[in-house]
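Chains A and B are the protein sequences, given in the same order. Be aware that the first sequence starts at 3, since it is given in the numbering used here, and climbs by one per residue. Be aware that the second sequence starts at -8, since it is given in the numbering used here, and climbs by one per residue.
No lab work stands behind these hints: they were computed from the structure. For each residue, glycine too, the CB sits at the ideal point set by N, CA and C. Be aware that one or more of the hints could be misleading.
[What the hints assert, rightly or not] Lysine-lysine pairs mimicking DSS-like chemistry, simulated, CA-CA at most 27 angstroms apart:
# : chain 1 : residue 1 : chain 2 : residue 2
1 : A       : K39       : B       : K0
2 : B       : K61       : A       : K44
3 : A       : K73       : A       : K60
4 : B       : K48       : A       : K39
5 : A       : K73       : A       : K39
6 : B       : K62       : A       : K44
7 : B       : K5        : A       : K44
8 : A       : K39       : A       : K70
[Said to hold, decoys possible] Each pair of labels, with its calculated beta carbon distance range:
#  : chain 1 : residue 1 : chain 2 : residue 2 : range
9  : B       : D17       : A       : E58       : 31 to 39 angstroms
10 : A       : T71       : B       : P(-1)     : 41 to 49 angstroms
11 : A       : R63       : B       : S9        : 41 to 49 angstroms
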Amino acid sequence: GENVEQHPSTLSVQEGDSAVIKCTYSDSASNYFPWYKQELGKGPQLIIDIRSNVGEKKDQRIAVTLNKTAKHFSLHITETQPEDSAVYFCAAGDSGSARQLTFGSGTQLTVLP
Amino acid sequence: NAGVTQTPKFRVLKTGQSMTLLCAQDMNHEYMYWYRQDPGMGLRLIHYSVGEGTTAKGEVPDGYNVSRLKKQNFLLGLESAAPSQTSVYFCASSPLAGGFNEQFFGPGTRLTVL
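Taking the hints into account, I'd like the entire structure generated from these sequences.
Written out as structure tokens, the structure reads:
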């Protein structure tokens, strides 16, 4: 089955700096790569996703890049703000398996004021 | 729309007791999922359903059973709880149309088994 590794497990940045979280996956059949943000005491919420036919996608301060050859994808957050502090999860899935997602282990991002 | 709701929010069980966690969604989604979240391990899929009356095993199904008698509800059962089942349980749902879609998560149920 699919295996997703996520690094780092914790990340602290100063407000206004950029944050980068990286994930690798093992199954070349995976073609969908979402990123979820989980605030304390809440369920995860999708913040951005990318499909395998796209190399990069951007939404305001958030961007995701995908390298299918190397089987890795990354989340980039620019101009970080205290409200960006949360746990971030990457995931990978393929449309042929009931749309199951395999999640990474999560990154605790702390934005220091 | 309430989205995805989970009942109860917290529960403490003794080893060997049974319980059922209820997930309800009001978005008419076909797909529903049950995950468990443990520290440092992300979210792991327990069981899922691709429609009313259907269920299938995920990555970590042992010790759990599920039922989807109505499209809007997905129940997760623990027949004989064990301390290893102490975790936070999340339910999610996703629409059928358009290929891969966002999974919408509930607020979670924190279960402690003593």
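Against the structure, the hints:
For the suggested pair K39 of chain A and K0 of chain B, the alpha carbons sit about 20 angstroms apart, so the restraint of at most 27 angstroms is met. Among the hinted pairs, K61 of chain B with K44 of chain A is consistent with the structure: their alpha-carbon atoms are about 25 angstroms apart, no more than 27 angstroms. At most 27 angstroms may separate the alpha-carbon atoms for a hinted pair to count; K73 of chain A and K60 of chain A meet this at roughly 19 angstroms. Between the alpha carbons of K48 of chain B and K39 of chain A the distance comes to roughly 26 angstroms, so the proposed pair stays at or under 27 angstroms and holds.
Under the criterion of a C-alpha separation no larger than 27 angstroms, the hint pairing K73 of chain A with K39 of chain A is consistent with the structure, at around 22 angstroms. For the hint pairing K62 of chain B with K44 of chain A, the CA-to-CA distance comes to about 24 angstroms; that is within 27 angstroms, so the pair holds. Restraint check: the Cα-Cα separation between K5 of chain B and K44 of chain A comes to about 25 angstroms, which is no more than 27 angstroms; the hinted pair holds. Distance check on the hinted pair: K39 of chain A and K70 of chain A sit about 23 angstroms apart at the alpha-carbon level, within 27 angstroms; holds.
The given range of 31 to 39 angstroms is respected by D17 of chain B and E58 of chain A, whose C-beta atoms sit roughly 35 angstroms from each other. At about 46 angstroms, the beta-carbon gap between T71 of chain A and P(-1) of chain B stays in the expected band of 41 to 49 angstroms. At roughly 46 angstroms, the beta carbons of R63 of chain A and S9 of chain B sit within the given window of 41 to 49 angstroms.
The structure is consistent with each of the numbered hints, conforming to all of them.
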